[in-house]
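Work the whole structure out from these sequences, hints included.
In order, the protein sequence lines correspond to chains A and Y.
Under our numbering, the first residue of the first sequence carries the number 1, and numbering increases by one thereafter.
Under our numbering, the first residue of the second sequence carries the number 1, and numbering increases by one thereafter.
Keep in mind that the hints are not guaranteed to be accurate.
Repeated chains share a single entry, so a pair holds when one copy, or any two copies, can fit it.
Said to hold, decoys possible - The calculated lysine-lysine pairs, modelled on BS3-like cross-linking and capped at a C-alpha distance of 25 Å, are:
no., residue 1, residue 2
1, K166, K388
2, K35, K166
3, K388, K373
4, K35, K139
5, K35, K149
6, K313, K166
7, K344, K35
8, K115, K155
9, K388, K374
Source of the hints: derived by calculation from the structure; they are not laboratory data.
There are 2 protein chains.
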Amino acid sequence: MQIKRVFTLLIALSFFTTPNAQENNNANDSLMVRKIFDEALENGRAYADLRSLCKDIGARLSGSISAEMAVQWGYHRLNKYDFDTVYFQEVIVPHWERGTKESGYYQSKDGTITKVNLLALGGSIPTNGTMEGEIIMFKNRDALLKATKKQVEGKIVFIAQPMDQKMITTFNAYGACYPIRGLGAVDAARKGAKAVVIRSLSLSEHEHPHTGTMHYAEGVGKIPAAAISTIDATKLEKLITGSKEELTFHFEMDCKVLPDKKSHNVIAELKGSENPNNIITIGGHLDSWDVGEGAHDDGAGIVHSMEALRILKELNYKPKNTLRVVFFMNEENGNMGGKTYAKKVKENGENHILAIESDRGGFSPRGFSVDGKKEHLDLIRSFNTLFKPYLIQHFEFGYGGVDISPLKKEFEDIGLIGFVSDSQRYFDFHHNANDVFENVNKRELQLGAGSLSALVYLLDSYY
Amino acid sequence: MQIKRVFTLLIALSFFTTPNAQENNNANDSLMVRKIFDEALENGRAYADLRSLCKDIGARLSGSISAEMAVQWGYHRLNKYDFDTVYFQEVIVPHWERGTKESGYYQSKDGTITKVNLLALGGSIPTNGTMEGEIIMFKNRDALLKATKKQVEGKIVFIAQPMDQKMITTFNAYGACYPIRGLGAVDAARKGAKAVVIRSLSLSEHEHPHTGTMHYAEGVGKIPAAAISTIDATKLEKLITGSKEELTFHFEMDCKVLPDKKSHNVIAELKGSENPNNIITIGGHLDSWDVGEGAHDDGAGIVHSMEALRILKELNYKPKNTLRVVFFMNEENGNMGGKTYAKKVKENGENHILAIESDRGGFSPRGFSVDGKKEHLDLIRSFNTLFKPYLIQHFEFGYGGVDISPLKKEFEDIGLIGFVSDSQRYFDFHHNANDVFENVNKRELQLGAGSLSALVYLLDSYY
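Okay, here's the thing in structure tokens:
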């Protein structure tokens with residue numbers, strides 16, 4: 001055998017761990033982490049809890065009666081697990097409703113019509129009856145930004161931009177494509193368009209359109225905004241590219257904005273035995289979009305968080321710091337739960353040291369991303385050998401989560417930590433009718449709960 | 001902020017890479033690996049090829065006409081991709097057929113009957129009409145081995161042993177539970193049982209029974225062997241444990257063993273430009289069980305292997321060594337394809353240096369397991385930084401694959417490498433009716449193909 005080593009730069013040693021990182025790995029920790037995963041896998045409640053949230057309640061957009069049901073569900077479920085304290089925290093949330101009319105089609109010069117599967121983007125104004133207009137297609141946002149007013153005026157803008165298949169972490173592809181949804185209505189209205197229709201933000205070709213927030217800007221007219229399914233978008237793009245034919249788009253949406261409404265975050269705690277005023281939060285968001293069942297987004301995060309603390313309690317772990325599970329309201333269209341929580345924590349004079357969020361679905365755990373200081377990342381990397389048997393190996397700087405992000409303004413030294421799961425299937429389900437309980441795998445969900453519970457245990461022990 | 005580091009043992013540096021491992025990572029390699037993944041994700045053929053194998057052919061057990069269709073399919077598909085040479089390699093395979101009658105139920109003393117979903121294990125003898133007998137249940141294989149002949153004689157043994165949920169790598173749980181399927185008939189017959197019925201080897205509760213090989217032993221009577229679904233097994237176990245009632249089991253199977261049959265491995269090559277007699281094989285198995293569509297097991301391995309070489313050809317890569325894709329026949333019940341291939345390679349005086357197998361499903365890639373020498377593992381670990389952007393981080397000693405394993409007898413210095421994917425969902429589909437194309441995710445499959453193609457490129461470059 002001949003193994004040639006052509007490049008001999010000896011950088012191997014610093015690859016996975018920073019040179020000065022230390023290892024936290026003793027037999028007790030190893031045993032405790034094993035017990036945590038055993039409990040998650042053998043007696044786990046995450047899957048049954050998720051089934052209940054998805055099936056007994058279902059979709060739960062802020063302001064809806066379903067969201068209020070979810071708040072009650074959360075309170076009673078947390079009480080059932082007998083945490084030290086369970087309470088509501090008032091949050092004022094926006095209230096947008098989809099309405100009951102939502103359909104559309106496009107038409108060729110020869111009269112042929114093709115129906116599309118369409119969803120209003122969250123926050124869109126209605127069409128007030130059928131809206132119709134000539135379609136002008138743009139391959140991507142940049143092309144739209146370069147267009148002249150004359151080209152666009154009075155037309156319906158169709159942005160065909162797909163998410164980039166080449167990006168390995170699908171959240172990066174989502175981030176890169178997000179502006180067509182978040183800002184498409186502003187971009188198009190600035191050029192005089194009467195409406196905007198976008199390709200759904202998904203990496204797979206399927207029939208379900210994806211919804212999600214969109215924004216209007218002060219001083220720019222509001223126009224209706226919708227997404228069509230990726231299958232419809234691909235077909236429409238091909239037709240326009242191929243035939244150069246002029247098509248008209250026709251659609252109706254009776255969505256509406258209602259006055260803000262009172263809702264709640266739901267919070268439970270295991271009180272710290274040494275430093276009760278030091279807070280470590282683990283949370284997800286209780287609201288979801290109004291299609292599907294909010295199973296991955298973010299039912300998974302809700303049951304992950306609850307299960308993480310239930311397991312520690314079940315194993316009779318006495319935390320040093322106060323461990324808090326927070327079910328945040330209104331992540332999807334306003335983040336009022338996250339903002340309210342951060343403000344209240346500060347007002348109450350609590351010392352919020354760490355916050356962990358699970359909002360990337362109930363898939364196989366891969367690790368954690370750290371929005372904090374080098375010390376936070378080093379600490380998490382020091383758990384390397386403890387996590388390795390559970391195939392958890394990703395420990396990098398990165399995003400924490402939407403709900404916990406407002407804490408950063410209030411606490412300079414806080415470490416925000418995002419749960420990272422395998423992201424490949426996430427955008428098959430995100431914000432669409434397919435985000436249902438049946439598309440969550442029991443073991444993958446349980447392993448996520450175990451990894452979060454182990455992280456909370458280790459952070460509480462070593463921070 | 002206070003980060004306490006209680007345990008300061010500085011073992012971090014030797015954690016992921018061995019101390020003397022080197023890094024192979026230059027700009028050209030990094031660029032080439034990026035091109036490989038781009039091709040896999042943007043122009044990949046793996047998913048369409050898998051759809052064709054699953055839908056145009058479907059299940060393809062050795063000896064069946066479907067298996068012969070698969071051989072023809074493989075030959076023509078490989079030719080389509082215009083490799084340097086494509087050829088058949090004759091393999092004599094066993095021929096077992098399930099037959100058309102396969103059903104069963106159990107009955108209480110009061111006459112209540114409960115139907116079960118049941119599959120004959122591969123290789124089982126038939127029941128010759130309805131077989132019935134009193135059920136004796138064992139919690140696991142050990143309990144059966146400890147039983148007396150008097151307890152078991154004339155009864156139908158039911159082994160209720162489940163796969164262990166606590167094992168993180170599901171293949172380990174499968175390996176630990178495998179003896180109830182592989183050896184259950186021998187164990188039970190030694191105690192005088194008239195038949196054996198096992199709980200299906202799966203980690204999830206669902207209605208589809210799992211088939212798979214079973215064995216008889218010389219000098220031990222042959223008895224029929226079947227698996228019932230995990231849902232049925234759980235229900236039956238509870239009933240027996242709870243009521244202590246005597247139940248009878250009734251079932252019919254008309255499976256049969258037919259004479260061995262001629263079949264083929266299908267092989268294609270990209271000839272080596274420097275060392276054409278040095279062979280690097282990448283393969284999977286073309287046969288499957290006779291239920292489902294053999295999508296994950298091992299349609300994924302077939303299209304992974306073909307795609308790995310197609311991508312290198314598409315990118316105009318000229319290999320130093322001969323790269324060979326092998327579609328092995330008969331992995332499931334005899335491994336005659338693997339055995340024949342190893343023998344022929346030796347006879348032909350070829351120098352087989354490395355073999356890679358993909359037979360762990362079309363899930364998200366996690367890395368590679370190495371059945372070889374430390375030098376093989378060190379070499380693969382030297383690609384760490386090249387694979388990290390693709391979230392591939394598992395490089396450990398471990399199993400290569402069934403099909404490539406006979407090469408080890410012929411080539412002492414060979415390195416066998418197994419593709420390791422995320423294993424959590426594998427045993428939801430393995431050997432049952434759910435192993436269909438729809439349960440394979442396009443991106444996960446494509447990423448697997450990309451990672452294998454990149455590995456082949458790097459091994460060919462640096463070995």
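Comparing the hints with the structure gives:
1. K166 / K388: between (28 Å within a copy, 15 Å between copies)
2. K35 / K166: Classified as between; 10 Å across copies, 39 Å inside a copy.
3. K388 / K373: both (23 Å within a copy, 23 Å between copies)
4. K35 / K139: So K35 and K139 pass the 25 Å test across copies only (23 Å; inside, 52 Å).
5. K35 / K149: neither (64 Å within a copy, 39 Å between copies)
6. K313 / K166: between (43 Å within a copy, 20 Å between copies)
7. K344 / K35: Neither: 35 Å inside a copy, 50 Å across copies.
8. K115 / K155: Only inside one copy: K115 and K155 sit 19 Å apart there, 63 Å across copies, limit 25 Å.
9. K388 / K374: both (21 Å within a copy, 20 Å between copies)
Checked against the numbered hints given earlier, the structure breaks hints 5, 7 and satisfies all the rest.
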